[in-house]
Amino acid sequence: MTLVVGSLLSIVGWVCLSFLDPPPRHRRKRMRSTDPVARLGALIHKHTGEWLPSLDAVEARVVGSSAILGVVMGGVILPLAPIPLLVVAAVGITRTRTDRVRYRTTIDGGMVQLVDLLSLAVAAGLSLRRAFAVAAPRLPREHRVLVEALLERVQHGERFVTALQQYGDELGRSGQELVAILIASERDGAPLAGGLERAADAVRRAQRRDLERRARRLPVTLLVPLVCCVLPAFVVLTVVPLLAGSLADLRFPV
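Residue numbers -16 to 237, in the numbering used here, belong to the letters of the sequence shown in order.
Simulated from the structure, these hints should not be mistaken for lab results. For glycine and all other residues, C-beta sits at the position ideal for the given N, C-alpha and C. Be careful, since some hints might not be right.
[Said to hold, decoys possible] Label-pair ranges, simulated between beta-carbon atoms:
1) Gln159 x Arg83: 11 to 21 Å
2) Ala173 x Pro202: 38 to 48 Å
3) Val223 x Arg156: 16 to 26 Å
4) Ala163 x Arg199: 53 to 63 Å
Please construct the entire structure, taking both the sequences and the accompanying hints into account.
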């Protein structure tokens, strides 16, 4: 009974964590496979995408294999059936968090390159839309995907200002000032060259603050390997020989 309750609580916990950690946008589309295990995993992805979105971060074949293993384990001991999927869900949540951190780091790190390329294109006399089209192939993949989506929305008839607002939402906090300058230039005719220079300075200051914040967190991060690796080795090499020698010198009365 305890095992059943624990399994149910674990399932509820992983579902809640999965909602808190949805996969980042613009993930690669999965290719169809003729492997029955992979097809089973794809079917599970399809039916669990609403209430366990982080499971999408795990390959379909792994999900299918865990489902088969869960059926086998459930045939032996029924409460053990959900354990393989719980493990896979934990892996999915971990990968989702890692993907999100990597995605945000790439977006924030590529902002300087984006602003510089737009500045060069505008200084060369190109319009803002043409500047995005010229800069897109030279941007990191994550930025290139966002710019291509922006240009595609405009090509399909969406107003450029509206498309820029959605583009700013996808860029996140690091691109708010840049997008505000672009929208002001497109809507009100504000000078763009000076605005891009201010945006470049703001992006570089934000990156400098982020690097300083990471440097301040480094001593705390180093505590984990220090406590888990260095401290046990120090105890084994120094304290244990002293204790062993002291115990060997002890004489107990018979």
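Results for each hint:
At about 19 Å, the beta-carbon gap between Gln159 and Arg83 stays in the expected band of 11 to 21 Å. For the hinted restraint 38 to 48 Å between Ala173 and Pro202, the CB-CB distance of approximately 44 Å keeps it satisfied. At roughly 51 Å, the beta-carbon separation of Val223 and Arg156 lies outside the given 16 to 26 Å, and the hint is violated. At about 29 Å, the CB distance of Ala163 to Arg199 disagrees with the hint of 53 to 63 Å.
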